[in-house]
Structure formats: structure tokens, C-alpha cells
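Q: With chain A fixed as given, assemble chains B and C onto it according to the hints.
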Amino acid sequence: MSNGRETILSNIKNALKTASQIPDLYNDEEQQLTKKIIANRPKTTEQLWKRFKKELQEVDGEFELFENGDKIAGHIADFLKENNYKQLSISGDEICQQVAEKIKAADGDIEIVQATSFSDEDRKSNLATIAVSLVAAHWAVAETGSVVVVYEQSQTSYPHFLAETVFAIVNYEKITADIFELFENIGPEQAKNMVIISGPSRTADIEKILILGAHGPHRFIVTALSE
Amino acid sequence: MKATPLKTKKYAKKAVKDQELKKALLSATASTVESRQKIINEIPYWEQLRQKAHDIKKQTIENLDKYLEQFESNCSKNGIQIHWAQNSEDAQNIILRLAEENNVRTVVKSKSLTTEEIGLNKALLDNNIQTFETDLGEFIVQLMGQIPSHLIIPALHLTRKDIGKLFSEKFGCEYTEEPTELLDIARTKLRELFLTADMGISGANFGIADTGCICILENEANAHFVTSLPRIHVAVMGIEKIIPSLDTLPYFLKLLPTNATGQKISTYVNFIGEPSKDKLSEGPEQIHIVLLDNGRSRILQEPSLRQTLFCIRCGACLNSCPVYQQIGGHAYGWVYMGPIGINLIPLYLGLSVGRYSPSLCSLCRACQEVCSTNIDLTENVLELRNRIVRTGYNNKFEQLGLSLWAFFARHPLLYRISSSMPRILQRLLPKGMGFPAPGYTRKRSLPPFDKKGFRKRFYKLTNNKREY
Amino acid sequence: MKVALFVPCLNEHFYPQTALSMVRIFKKLGIDVEYVENQTCCGQPGFNTGYFKEVIPLAERFIELFQDKQYVVAPSGSCVFMVRRHYEKLDIAKNLKEAYEQLKNRIYEFTEFLIDVLKVTDLGGTFAHKVTYHDSCHLARGLGIREQPRKLIRAIKNIDFVEMENSDACCGFGGTFSYKCRDISIEMVKRKCEYIEKSGAEYCVGADPSCLMNISGYLKKNKKEIRTIHIADLLAESLNL
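Protein chains in written order, with the numbering used here: chain A, 4 to 230; chain B, 21 to 488; chain C, 2 to 242.
Pulled out of the complex, with its shape left as it was, chain A reads as follows (with noise of 0.2 Å):
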């Protein structure tokens, strides 16, 4: 179709050999609205993680931080045996894997479903039913109460989408007071594959009234760990 690519391109190219008749609007050096928007930052990182709890906690997602891997890897196993789930799915992140060798020390009962030891239409199918999952993030945003997840890293997006609820592990230092601060610290080779998640799926879709659990994540639970 290099038909159509040289006629688009053409035709642009000689449209603009006008001149524009719009005006700039933006008269500020570069300097003034960046000045304003790191004014508004937090100073510490446990005020950033404050903020983040708020942000969070307002799109109905959840926080809690942990001292450790074996408290937060406590806290799913007794989920998991009150909700009388047998499986969790994770993330290829190191940081899950570890935990959930505490988990299932814990409760031996608890079957763990790497996502990545199975491939393409396994990983689907065997992915889809598991109701319960453990990823990793990579940063946290406090602004918005977001975590971003880099799929390079976690090798997978099937456990942050397909389970009903998400736990979601953060390193503690790894958060930025807002989205500018997000782009000022990854690159175009992390951002061709990630997403950036703000609490569980949501719609209005009927009658504007809010529900959770659209198509994805009903719950979503962030954690910060220090280690």
C-alpha cells in the first residue's frame, strides 16, 4: 500500500507549505509550569505514599503496606484459605516467586500457577480460571494512586488481567510524585510494552452508576515492600 503512504504524505506536505494561522499559546518559558506542577509534590517518600494511599483508596483500589515477604505472604495464604481458593496465579517477577514459596510454606494446599511456565493458548486457558492472583509492579505514581507494570519484566500480563483479585507488590523506593516524574524515569524501551493501573476495573456504562469488576480486576490490593 506504499500507494496510499506516498499520496497521505504528499498531500500533507503540501498543505503545509501554508503557513498556519494559529497562534501559540503557551507564552511561559518551559520553566513556569514545571515550576508549578513540582510544587505540588510531596517531599518525602512517606508522604508520597501517603498520597498514593489516598489516590488508591479513592478508585475504590486497596493499600496495605507489609514489613516484610512473610507478612504479606501470610496475609494471601489466610485469603486464600478463607475464600477457599486452591490456586494462585503470579507474575515471572522474582520478588513473587519468592513469596510464594512463603505461601505455599505456609499452606501446602495452595497450588501456584507460574503463568510463565506455560506458553500461548496453555497460558490462556489455564490462566483464565484462576480467580486469585500475586504480581509485581515497578513503580508507583502517588499523584494518581497508580502502579506501573513493565510486561518485559514481569513476562506476562495474564495474572494483572484475569484474575478477580490482584495483589500488587511495589518496591518502596520506586515511586514518583506524579506522571511527570513517572516519564522523567523510563524510556521509550520500558514504555513500548506496560501498562499503567489505577485500582480495579470499573464501568458506569449503565444508568452512570459505578461498578466494579468490569472485564478485569475486581479488587486490586497494593503493597509496598522495602527489600
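There's no promise every hint is true.
Said to hold, decoys possible - Computed list of lysine-lysine pairs in DSS-like fashion (alpha-carbon distance at most 25 Å, straight line):
hint, chain 1, residue 1, chain 2, residue 2
1, A, Lys105, A, Lys84
2, B, Lys43, B, Lys181
3, A, Lys211, B, Lys209
4, B, Lys209, B, Lys22
5, C, Lys225, B, Lys463
6, B, Lys472, C, Lys28
7, C, Lys131, C, Lys158
8, C, Lys225, C, Lys131
9, C, Lys95, C, Lys105
10, A, Lys177, A, Lys105
11, C, Lys191, B, Lys34
12, B, Lys43, B, Lys29
13, C, Lys181, B, Lys416
14, B, Lys33, C, Lys191
15, B, Lys33, C, Lys181
16, B, Lys416, C, Lys54
17, C, Lys199, B, Lys30
18, C, Lys181, B, Lys42
19, C, Lys191, B, Lys37
20, C, Lys29, B, Lys485
21, A, Lys53, B, Lys58
22, C, Lys181, B, Lys37
23, C, Lys131, C, Lys199
24, B, Lys209, B, Lys190
25, A, Lys89, A, Lys105
26, A, Lys56, A, Lys177
27, C, Lys98, C, Lys54
28, B, Lys37, C, Lys225
29, B, Lys42, B, Lys181
30, A, Lys107, A, Lys127
Please keep in mind that the hints were generated in silico from the structure rather than gathered at the bench.
A: Structure of chains B and C alone, referenced to chain A:
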């Protein structure tokens, strides 16, 4: 979707009488407007964000060829295939060819006005390819056989009863009107479709030139599934959706969700820049992006109207438009509606087809106060009205009436007696007739012409002196 | 100080008293006024409907008539907006372009003139009634004039000023829109009048004769007791002029 903007007068007349529609419109837009305002109140640099977004878009549009070439090059490096479609038919053919080459029988789609613009669903159906909308509102509207009534909230015009009835008819399940139960039914049905479809078709909110990826914002996760579960993903994107670089994205990520739905950020911001099959052993083997022109490069030829290409489809203008609030989306006769719609319809479809669209505006300017990229929507409407008059697509009686008015207004003497003459007529003609504008006074009275007019009264006050 | 009166066509033909109120207020403030002969219409109705070429003679006449005046004041935001912003879009005679550039900076809306130029807020009047205020589109969003009328209203003694809900929602006039899309226009003014009624005010104050004509037309036809009043008339009445 078939474009019928020439019937817009008929649609609008019907729509204003629809009380239910009006109630639904008011309630939906009111809550979004309220949430939006709450967020904006906390952002002291909101106006500067809009202006910055305007400038970024201007920079892009004014160098569109270069950015498109850069986008194509970077996407290709990442393993994405780029196709260029001059018009709807081209785009349809490209996608049909891909479907045929890859044995595609079923397609799942996420919300994309661009695909509706090109009438893709019909083309797929005509070629025996089963196509399912997966955005809950679109899914419902598709089942109903209707078109969406709002850019952002497609099923705005339907109640839970309507939906309950629809589901029980189409799926044979027990009738319920409980929203969470309705969602469960849809979720189960759609999960099945996601897992088995051959091809996923989506739109794209932004195409990032320096990274070679697209960005899709959503709340339901359906776009994620559409773009990550089937073995082929095709994204259809208007050429104006390009932004230069990753570091220009945050401005738009702040503007779009707030303006569209009153959220700080959409639940999912998906970045798709490479077919993941190789690296992750899951996901699409092929990703194709269809770059759509369909009149956009023609808009570029108009230096004063180029701004229309800055639109990021947030829908804020709709929510603020008093006309839209009275007539709803269907009344515009095409996929693009409200203040941006009345600009796009004559520009994309031509002045002849779009001749009535710019009249659906009282020039109140509420839209450009909220526009994410600060487009001068009202000024564009005026310019389009001028074009329509100049090319002769205006109403001939109106032409006559306004030429007469201009004639009277040009001659001071005539202008002055145009008080006393019409006043006599006004008193002589039957009250209901409504002089000078019949129909103006069906529900509203016109004041009487003053018997002397200001000038005479002024001279009486000042004893015939011009200066006082 | 001398002010040249820019009399909108609606005031010339329907509401001369508003422009006369403006004259009387200026006299009270010790300002001389002059009436510029042969003025007609600024061209807004035609321009807004898309008849740019047809209003060029009107724009050129306007510039010629008012070009040497130091202050040009109109009791209408939309007319001032037309001259300040939209005359630029017209292909007016080259020899008038310079005059227009000057004129742009010397033309004012009435409340803008009182507050921003004369620096007068309190004229010393009294009006013991409950009033609300309608923000006209061209005045509020076009020219950014929202506070000036409010300051003037609040300064009046014994006045009870209440804001209505959505005071800046369009009243539905829109020039020829009120005729071309009359069904929609009627619904818009109906909604506006509902907001006005809800506010509990006896008077709806405005600064644009077209909006007031539209709103009062609906109120009268539906036999409502609420009256509309132009801010110039309000001020004049508060001073018993």
C-alpha cells in the same frame, strides 16, 4: 456508520421533545462536570496545561509528515506493521485483507470512533466476519442495533430495564435489572469472546512518534484484552493522533481523563509498541496500525481550520454544550457530535452534506473554555458558516432576508424608519403571527418596536444637540 | 471627558430607554456624551450567520464614524465583542486597518467602562428589591467581563443580590439561532427561566439587550412576574434618573 447529517434538523426537532432523553443527558453530564471541576480546583496550572497541549499539538500538526514518518520508522523497528489508508474504503480493504490472510472468523473490538467513522463493523459483517463490541456500553448498543449517543457514554440513553430486557431476549437468561448482575452476564459472555477471537481491533488515543507505540486509555480492561489475547491486533488511528515524544504524553494524560470522565487518570493506560509473542510467549503475533487520512490532510490545507485536528476526543465540549444537552448525540447524524462534531462533519464529509451542522450552535463559547487543546471551536463554526454561504449551500430565503437586512442597515435613513414602519405592521398583523420572525414568537413574545427610536429621543432630551 | 455613544440596533429600535439611562448616568458623573450621526448596526446578526461579505460595508462605516473618538461605549457585550474581535476576520479596506487597530482599544462595554476606566463602583443609588444576574456569553466568556456588573449591583443600597444556578448558561438567543433552531432555542430559554425562578429574584439583571429581549419574551409569554432589567436601567432607576 451511515452519515445522515442532512437530516439533522428533523432529528433535532424530535429530540427536543424527548423529556426522558433530556433527563438522562442532564444527569450524566452534570455528574461528570462536577467531578471534573473538583479535580481542576486542585490543579493551579490547569489553564497552562491546556495551552501547552495546544502548542504540542500545533507543533505536531505543523510537522505532521515528519512525525508520521518517524512514528512509522520506530514502530517498524519494534515489529509493528504500518498501513496507510486514504479513506474509509482503503481502511476497510486493508483490514479485510489482513483478516483473509490470517483466517479470521471472529473479531473483538474495543471502543473506537475512528472505526465507526469508516463503517468498519458493517464491512466486516458483510464479509461474514463476526464482530463483537466489548466496551460494555457499546456491547449493549450493538446488541440493540443502535448507535452510541455520546462520545464517552455510549448507552447513556438506555435504562437498566431496557438492558435487562435486552439480555434476557438475546442470551435467554433470567430477567434481571440489577446492574451488578447485568454486568456479570456481560462479563462472562465477553470473557469467552476475548479468549477465542482471532483478531482484536482497537483505536488509539495517542501515537507516540519517538517511541513507536500507541497508547490506549480505558476503565474496563476490555481494550487490554482486545489488544493482548487474540493472535492479531489491528489498531485504527487517525493521522492527527500523533504526539512527538514520550515526555509530551503526561500533559495529555492529565487532560484527557479529567475532561472526559472527571477522573484523575483512566484505570488502564495501555502502551502497545511490539507484538509480545516473541518476548513473552503470549499475546499477538502480529500488530498492525492503520493510519487513517479520510479528509484529515484536506483539513490541513485550511490554515485557520487546522486546529480541528488538535482534538483528542475527550468529549468535554459535549458536556458543556447547551445545544447538545437539549438534543443529545443522535441528532447530529454521525459519529462525531456536539461542538467538535459540527466542525468535523462539514470538514470530513464536505460542505454540501454538512451544510446544516454548523447551525446547531448558539455561539455561547462554553466549549472552548473546556477544550483540552484550546481549540477555537466557536470561531471555526463561524468560519464554516461563512464557507457555506459563499459556496451557496445556505438557505435562499435566509440569503434574501439577510441581504435585505444588510441593505437597510447600510443606509442610515432606511435604518431609522425601520422603527416606525415595522411598528405599524406589528400592530396591524395578528398577534400570533410573530413579526418580523414568524415562529420566533410561538412560545416567546417579541417586544414592540419603539415608536420614536433612540435617536429621536436623544435629540429631544438634548434639544437637538449632538453633543450633550 | 467625552464618550461617543455606540447604540446597538436593539436599543435603537426596541429599548431606547437603556441607552438613555446610560446617557443620564454619564451626565450625572460629569461626563459629556455625543451621538455619532449615521451610525447603524455593527453587523453582528449577519456576521454570526456566516454573511461576512455582506457586513463589510457596515464594519467600514462603523470604523469611519468612530475612528477619532476617544471613548466609545455600548450597553452591550456582544456588540463590543463584534467590533473588538470579529472585525479582524473581515476583509475591510486597507486604509481603514490602522484606524481599526486604534479603535479596538477605545471601545468598551458599559460596566467595563464604569469599573475599569472611570473606576466608579458606587453611584450612590438605592434599589430595595431581590435581583439576580445573567452572564451573557459574549460578555462573560468572550470578553471576560463577569465581576464588573456584579460589583455595580452589590454597591447599590438595600439591594438583595442572589446568584442563580448556572448564571452563565447560554440563554438560547444566539442571534439568528433563535429563529433557525427555534425549538432548541425555546428549550434553552425555558431552562434559563427555570434557573431564574429558582433563585427567587424579582428582577433578572443583564448587560446585553439581546439576552434580555429573549428572556423577557419568554417570561412575558408565560405570564411570569419576574422582570428583566438592563444594568444601565437598574442604575438609572436606583438614582431616580
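Q: It remains to establish, for every hint, whether it holds in the given structure.
A: Structure-based check of each hint:
no., hint, in the structure
1, A:Lys105 x A:Lys84, "15 Å, holds"
2, B:Lys43 x B:Lys181, "16 Å, holds"
3, A:Lys211 x B:Lys209, "21 Å, holds"
4, B:Lys209 x B:Lys22, "28 Å, violated"
5, C:Lys225 x B:Lys463, "13 Å, holds"
6, B:Lys472 x C:Lys28, "22 Å, holds"
7, C:Lys131 x C:Lys158, "12 Å, holds"
8, C:Lys225 x C:Lys131, "16 Å, holds"
9, C:Lys95 x C:Lys105, "16 Å, holds"
10, A:Lys177 x A:Lys105, "23 Å, holds"
11, C:Lys191 x B:Lys34, "17 Å, holds"
12, B:Lys43 x B:Lys29, "21 Å, holds"
13, C:Lys181 x B:Lys416, "13 Å, holds"
14, B:Lys33 x C:Lys191, "16 Å, holds"
15, B:Lys33 x C:Lys181, "11 Å, holds"
16, B:Lys416 x C:Lys54, "16 Å, holds"
17, C:Lys199 x B:Lys30, "32 Å, violated"
18, C:Lys181 x B:Lys42, "21 Å, holds"
19, C:Lys191 x B:Lys37, "13 Å, holds"
20, C:Lys29 x B:Lys485, "18 Å, holds"
21, A:Lys53 x B:Lys58, "20 Å, holds"
22, C:Lys181 x B:Lys37, "17 Å, holds"
23, C:Lys131 x C:Lys199, "13 Å, holds"
24, B:Lys209 x B:Lys190, "11 Å, holds"
25, A:Lys89 x A:Lys105, "15 Å, holds"
26, A:Lys56 x A:Lys177, "15 Å, holds"
27, C:Lys98 x C:Lys54, "16 Å, holds"
28, B:Lys37 x C:Lys225, "23 Å, holds"
29, B:Lys42 x B:Lys181, "18 Å, holds"
30, A:Lys107 x A:Lys127, "23 Å, holds"
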